[in-house]
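Number of protein chains: 2
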Amino acid sequence: MKATSEQKAVVLLSGGLDSTTVLAIAQDREYRIFAMSFCYGQRHAFELECAKQIARQAEVNRHIVVDIDLRAFGGSALTDDIEVPKMRSLAEMTDNIPVTYVPARNTIFLSFALAWAETLDARHIFIGVNSLDYSGYPDCRPEYIQAYTQMANLATKAGVEGQHLQIHTPLINLTKAEIIQTGTTLGVDYALTHSCYSPDVQGRHCGQCDACLLRQKGFSQAQITDPTSYAT
Amino acid sequence: MKATSEQKAVVLLSGGLDSTTVLAIAQDREYRIFAMSFCYGQRHAFELECAKQIARQAEVNRHIVVDIDLRAFGGSALTDDIEVPKMRSLAEMTDNIPVTYVPARNTIFLSFALAWAETLDARHIFIGVNSLDYSGYPDCRPEYIQAYTQMANLATKAGVEGQHLQIHTPLINLTKAEIIQTGTTLGVDYALTHSCYSPDVQGRHCGQCDACLLRQKGFSQAQITDPTSYAT
Numbered sequence: 480m481k482a483t484s485e486q487k488a489v490v491l492l493s494g495g496l497d498s499t500t501v502l503a504i505a506q507d508r509e510y511r512i513f514a515m516s517f518c519y520g521q522r523h524a525f526e527l528e529c530a531k532q533i534a535r536q537a538e539v540n541r542h543i544v545v546d547i548d549l550r551a552f553g554g555s556a557l558t559d560d561i562e563v564p565k566m567r568s569l570a571e572m573t574d575n576i577p578v579t580y581v582p583a584r585n586t587i588f589l590s591f592a593l594a595w596a597e598t599l600d601a602r603h604i605f606i607g608v609n610s611l612d613y614s615g616y617p618d619c620r621p622e623y624i625q626a627y628t629q630m631a632n633l634a635t636k637a638g639v640e641g642q643h644l645q646i647h648t649p650l651i652n653l654t655k656a657e658i659i660q661t662g663t664t665l666g667v668d669y670a671l672t673h674s675c676y677s678p679d680v681q682g683r684h685c686g687q688c689d690a691c692l693l694r695q696k697g698f699s700q701a702q703i704t705d706p707t708s709y710a711t
Numbered sequence: 480m481k482a483t484s485e486q487k488a489v490v491l492l493s494g495g496l497d498s499t500t501v502l503a504i505a506q507d508r509e510y511r512i513f514a515m516s517f518c519y520g521q522r523h524a525f526e527l528e529c530a531k532q533i534a535r536q537a538e539v540n541r542h543i544v545v546d547i548d549l550r551a552f553g554g555s556a557l558t559d560d561i562e563v564p565k566m567r568s569l570a571e572m573t574d575n576i577p578v579t580y581v582p583a584r585n586t587i588f589l590s591f592a593l594a595w596a597e598t599l600d601a602r603h604i605f606i607g608v609n610s611l612d613y614s615g616y617p618d619c620r621p622e623y624i625q626a627y628t629q630m631a632n633l634a635t636k637a638g639v640e641g642q643h644l645q646i647h648t649p650l651i652n653l654t655k656a657e658i659i660q661t662g663t664t665l666g667v668d669y670a671l672t673h674s675c676y677s678p679d680v681q682g683r684h685c686g687q688c689d690a691c692l693l694r695q696k697g698f699s700q701a702q703i704t705d706p707t708s709y710a711t
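Line order of the protein sequences matches chains E and X. For the first sequence, our numbering assigns the number 480 to the initial residue and increments by one for each residue that follows. For the second sequence, our numbering assigns the number 480 to the initial residue and increments by one for each residue that follows.
Hints listed in this document are in silico derivations from the structure and should not be mistaken for laboratory results. Because the structure is a prediction, the values reported are computed rather than measured. Do not rely on the hints blindly, as some may be mistaken.
Okay, the calculated bits of chain E under chain X, using three or more residues with CB under 8 Å as the criterion [claimed, not checked]: (1) 500-506; (2) 594-604; (3) 624-630.
Even for Gly, the Cβ is constructed at its ideal location relative to N, Cα and C.
Here chain E stands alone, though its shape is the one from the complex (with noise of 0.2 Å):
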């Protein structure tokens, strides 16, 4: 559905795959596009540089990068100095909680989004989940996706009054090869996108972590060339 050419979207955008299709996706519907990111101490800081590129190029309205400190409570491979496991088959990382899991990570970036939609007078959230792909995050699924939106319409002036806040996961259903053969279609140039969650220092994608894999496999059943740098 397209947006009258005044609705605004907050779109969270770390500057990988997932996200930037979304973003795509919401200027595809024409919706003012005011894109958010998170400096959270991720060690794959490549993200950012490529989340503000991606920004720029794809001419949103503003585009915030807020900086919040997961550090200070730790609990992630991605935060913390834990090991970033290596070529596991999609059985293993299906199979369990992976320790890449930030704690409560979508529910702080959604939170903040909806502090931004209601002081842009926003009605719409645009996020990246997918459950199907990868079903091992638990704030990635459906049922909390909607308790988060009857939630968030309790909390705020806006939904106190009426105006109901969306919460869209246009990727929600789709596999990484529908992803990017949707966000291909949109003109989106993965080339600027980021996955690896253990890059080497030029950034490069190390081509063996859940992230990687999960890329590589997406563009091969897409049948569309990966123009991901791998570093091996």
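Using the hints provided, position chain X relative to the given structure of chain E.
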């Protein structure tokens, strides 16, 4: 209900009268206390110093101050340069959502508490919201807390594994006078707490903003001597 001695609780501690009372209640219930405060660009930063002193005095297990920048997207007299209203009647205060409302503040704070609780393997969060004395904030109502709890239990490992999280709001139905009576019984030293939205350079309460007026009214109705140092 008393906790078993090993039960951990994350207590949101602003350094104000309400949250300090909540801390005392959680301690009285024998939880192991993990106190969490936020540095969020609030103009009344004296609160934070109070929080640190209160946490020290209460000998909590751990106290962390999380740095977040709500000013990045503005929208409130507590973080922006909008003037804090003075000498309003109770009717004026409760009539509208006040300009001192910080967008989605409790949602953001609870999200950090949730992340820390998950890291600590704690199942209990205490927050000093109150829906009686001051009903202007949508995120202080029981229906909001209930929706938050539901969302939180879908968001996290613990929730998914059936270890349900509880959000305790022991003040939600108390008047300010009852809160002060409760805290006094538990030995809270209210001289250490800070309420004012607009303190002077020495950190003394202005005696005129909504928070000061409610504080004064509370002590007066509780028939307890107000130990607060007022500028006027």
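To see whether the hints hold, each was checked on the structure:
Restraint check on the segment 500-506 of chain E versus chain X: 0 residues with Cβ-Cβ distances below 8 Å, three needed, restraint violated. Interface restraint, the segment 594-604 of chain E with chain X: holds (5 residues with C-beta to C-beta distance below 8 Å; minimum three). Coverage of the segment 624-630 of chain E by chain X holds [criterion: at least 3 residues with CB-CB distance below 8 Å; count 4].
Hint compliance for this structure: hint 1 alone is broken.
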